[in-house]
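Based on the provided sequences and hints, a complete structural model is requested.
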Amino acid sequence: MPRDQEGLHTVHDRARRRGPRPRSWLTAAVFTALALGLLPSGLPADLTVSAVADAPRAPVGPAAVLPASPPVVAGARLTGVQAAQPDGPASAFVLTLDLSEDLRVDYLGASRVAGTAPLEELVARHDPGADRVTVAAVNADFFDINRTGAPLGAGVREGELLHSASPGRGEAVGFDLDGAGRMLEVLFEGKAVTARGELPLDGYNAARLPVDGIGLYGPEWGPVNRSPVVERSQHVVEVEFRDGLVTAVNEGAGVGPIPDGGGLLVGRDAGAGALQTLTVGEPLVPVFSARASDGGPLPHTVVGGQEPLVVDGIALNWDGAPNNVTAPRTAVGFSADGTEMYLVTVDGRQEHTVGMTLTALASFMAELGARNALNLDGGGSTTLLARAPGATSVRVVNMPSGGAQRPVPNGLAITAPRGAGPPPGIRVETVLVGEDGTPVEREPGDASVNADGVPGPVDGEPALLPAANAR
Numbered sequence: 000m001p002r003d004q005e006g007l008h009t010v011h012d013r014a015r016r017r018g019p020r021p022r023s024w025l026t027a028a029v030f031t032a033l034a035l036g037l038l039p040s041g042l043p044a045d046l047t048v049s050a051v052a053d054a055p056r057a058p059v060g061p062a063a064v065l066p067a068s069p070p071v072v073a074g075a076r077l078t079g080v081q082a083a084q085p086d087g088p089a090s091a092f093v094l095t096l097d098l099s100e101d102l103r104v105d106y107l108g109a110s111r112v113a114g115t116a117p118l119e120e121l122v123a124r125h126d127p128g129a130d131r132v133t134v135a136a137v138n139a140d141f142f143d144i145n146r147t148g149a150p151l152g153a154g155v156r157e158g159e160l161l162h163s164a165s166p167g168r169g170e171a172v173g174f175d176l177d178g179a180g181r182m183l184e185v186l187f188e189g190k191a192v193t194a195r196g197e198l199p200l201d202g203y204n205a206a207r208l209p210v211d212g213i214g215l216y217g218p219e220w221g222p223v224n225r226s227p228v229v230e231r232s233q234h235v236v237e238v239e240f241r242d243g244l245v246t247a248v249n250e251g252a253g254v255g256p257i258p259d260g261g262g263l264l265v266g267r268d269a270g271a272g273a274l275q276t277l278t279v280g281e282p283l284v285p286v287f288s289a290r291a292s293d294g295g296p297l298p299h300t301v302v303g304g305q306e307p308l309v310v311d312g313i314a315l316n317w318d319g320a321p322n323n324v325t326a327p328r329t330a331v332g333f334s335a336d337g338t339e340m341y342l343v344t345v346d347g348r349q350e351h352t353v354g355m356t357l358t359a360l361a362s363f364m365a366e367l368g369a370r371n372a373l374n375l376d377g378g379g380s381t382t383l384l385a386r387a388p389g390a391t392s393v394r395v396v397n398m399p400s401g402g403a404q405r406p407v408p409n410g411l412a413i414t415a416p417r418g419a420g421p422p423p424g425i426r427v428e429t430v431l432v433g434e435d436g437t438p439v440e441r442e443p444g445d446a447s448v449n450a451d452g453v454p455g456p457v458d459g460e461p462a463l464l465p466a467a468n469a470r
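Counted from 1, the sequence shown has number 61 at position 62 by numbering that gives the first Met the number 0; the numbering is strictly sequential.
What the hints contain is simulated information worked out from the structure, not anything from laboratory work. Heads up, some of the hints might be wrong.
Said to hold, decoys possible - Distance ranges between label pairs, derived from CB positions: (1) Q349 - L176: 46 to 56 Å; (2) D318 - E119: 14 to 24 Å; (3) A390 - S110: 18 to 28 Å; (4) P222 - T391: 30 to 40 Å; (5) T391 - D86: 33 to 43 Å; (6) A123 - E157: 13 to 23 Å.
Here a beta-carbon is modelled for each residue, glycine too, at the ideal position from N, C-alpha and C.
Now the structure itself:
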């Protein structure tokens, strides 16, 4: 049977009709499980499970026992999966989140729209709000990696548009404060009101402008060279304005910070010709808005992505697409009601894990239970952070293909109330050290621990003691 008849639909199948769930082709070894060792609820029951020691492990600190530690918070499960697939082995991490459990998804961003930083730095700068903590984070949008660093899709932070999407980059995911996520597009509408009429605007802090377009750029954009946003255009005009008045009209794209209280209109081609008619001292007031393509309210948080992976329960077939190669991947998916969220990273370009194709990733997301899913930036950008039990900050869980975290423009932060929920128990990890404080290797059974009548040998694995017995 042709592959696109096994529950996979090609990307050109606009009907997106219902079909059978893609046939399970993964053989997985679960090598890290979070909180009480639960598997993601949507994984097939016939997956082969092997021992922890049989699977590749993420790098850990000298005193760590687990290869990766889960965020200890109600509604979160972190699972590692080693998948055998026709293209080679793939190591993945699945962070499953119940967004109805007072988990919130925030926009993580660099100090400027056109700027990047490693994901850990973005988290360190992020304010999760009063009495909340960041328990996990993942990279998000594709970006202009070799030039401005600006994200290519739309971005909404705390309900306010931070940047609109570049042409052809409308796919996005959004999250409401009421604990639901969804796939959508953020539609931009804007105009510049002048004394002689109105000029249509095509974007706000956008990484790229369409042919003949005019874009609005504010101080949040940053000081980088603006030439890449009008690439290959032979006619570019910038108009500076402040306090509602035009302060300069310049030929060509400029560089440097945009002053507070002011902004720039950048026009290319026919848009440049329209801006060229403006004069210094002329009134100019930009007006713009953003709305959700599905008619719902603009989400609290939005980040852009690229290829839809699962639509209405159907895994899409990307065979023949130029990006359908084995590579590190990051993806996000949702249950039908948007309250169950799946954040997935797949390591790749390494001996023990080649990554996944888009088609394979789509099947994997559908098997997890995602009703809808979107591909986020992958390759060297793929990074997942999570907070270990008892830790005060997040750390890298996966193995980035470049050996270190790539600077990225944005990401998603998962936050929870500080001290959320009654503890199910006390997690105990034992590390033996010598008199000089150096960790000492030991064999299972060499030592024992006793907590209020709950004895047990030191076997190298953490123990979850009942909260009623632990002291």
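Cross-check of the supplied hints:
no. : hint                    : verdict
1   : Q349 - L176: 46 to 56 Å : violated, 38 Å
2   : D318 - E119: 14 to 24 Å : violated, 36 Å
3   : A390 - S110: 18 to 28 Å : holds, 25 Å
4   : P222 - T391: 30 to 40 Å : holds, 34 Å
5   : T391 - D86: 33 to 43 Å  : holds, 39 Å
6   : A123 - E157: 13 to 23 Å : holds, 19 Å
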